[in-house]
Amino acid sequence: MPYQLFYVGTRAVIIKDGKVLLLKKEDDTGTLWDMPGGRVDEGEWDMKAALKREVEEELPGATNIQVGEEVHHARFPRNLEDGTAYYLFFFPVQVDFEGDDLSVNEEHLDYCWFNLDEVKNLPNNESESGYLYDCYREVINVVGNQHK
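Counting in our numbering, the sequence shown runs from 47 upward without gaps.
None of these hints come from the bench; they were simulated from the model. In this text, a Cβ means the ideal position worked out from N, Cα and C, and glycines have one as well. There could be a bad hint or two in this list.
The calculated SDA-like cross-link candidates involving lysine to any residue, where the alpha carbons are at most 25 Å apart (straight line), are [stated by the list, open to error]:
hint, residue 1, residue 2
1, 71, 165
2, 166, 74
3, 62, 162
4, 94, 184
5, 166, 64
6, 65, 130
7, 62, 131
8, 94, 120
9, 166, 118
10, 71, 95
11, 62, 90
12, 166, 87
13, 94, 167
14, 62, 163
15, 71, 130
16, 65, 90
17, 166, 109
18, 62, 117
19, 65, 52
20, 71, 138
21, 65, 147
22, 65, 88
23, 65, 131
24, 98, 167
25, 166, 133
26, 166, 140
27, 62, 130
28, 166, 95
29, 62, 153
30, 71, 161
Here are the in silico distance ranges between beta carbons for each label pair [claimed, not checked]:
hint, residue 1, residue 2, range
31, 132, 162, 33 to 43 Å
32, 64, 89, 33 to 43 Å
33, 187, 85, 20 to 30 Å
34, 110, 90, 17 to 27 Å
35, 166, 72, 28 to 38 Å
36, 144, 70, 33 to 43 Å
37, 131, 183, 35 to 45 Å
38, 162, 89, 33 to 43 Å
39, 163, 88, 17 to 27 Å
I would like the entire structure built from these sequences, with the hints used as guidance.
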């Protein structure tokens with residue numbers, strides 16, 4: 047039986063005033079909203095350090111980035127052309143922004159703070175939207191309860 051290759055990715059669950067931060071981007075599947083984060087690069091063994099690097103890259107001006115312990119992980123059912131699966135690990139992240147000014151890097155179009163009901167209605171690739179909502183509901187509830 048052949049081995050299945052997979053990518054490992056991390057996501058930052060950043061919650062402020064009961065809302066989660068999502069970043070808007072355009073890719074070959076269309077426009078989608080996603081939590082900050084990305085793939086763990088080859089040679090990176092510390093997922094928390096990889097996530098901190100991604101947050102620094104995607105959110106210029108982010109300071110005092112503190113990555114908590116993993117709260118959820120899931121197989122991402124994206125049908126990548128090379129047949130590679132994608133596993134995501136979600137971590138709560140505390141972050142400050144210089145002068146409370148939040149900005150995104152050039153790979154993103156925008157950002158917004160969403161409550162869970164708004165996340166459910168986001169326009170995403172149809173094959174991903176149900177998955178994203180279920181996964182986000184799980185991590186938002188876990189991290190949100192930690193903030194109470």
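TODO: Would you list, in rising numerical order, the hints stated earlier that this structure does not obey?
DONE: Violated hints: 6, 7, 11, 12, 13, 16, 17, 19, 22, 23, 24, 27, 28, 31, 35, 36, 37, 39; rest satisfied.
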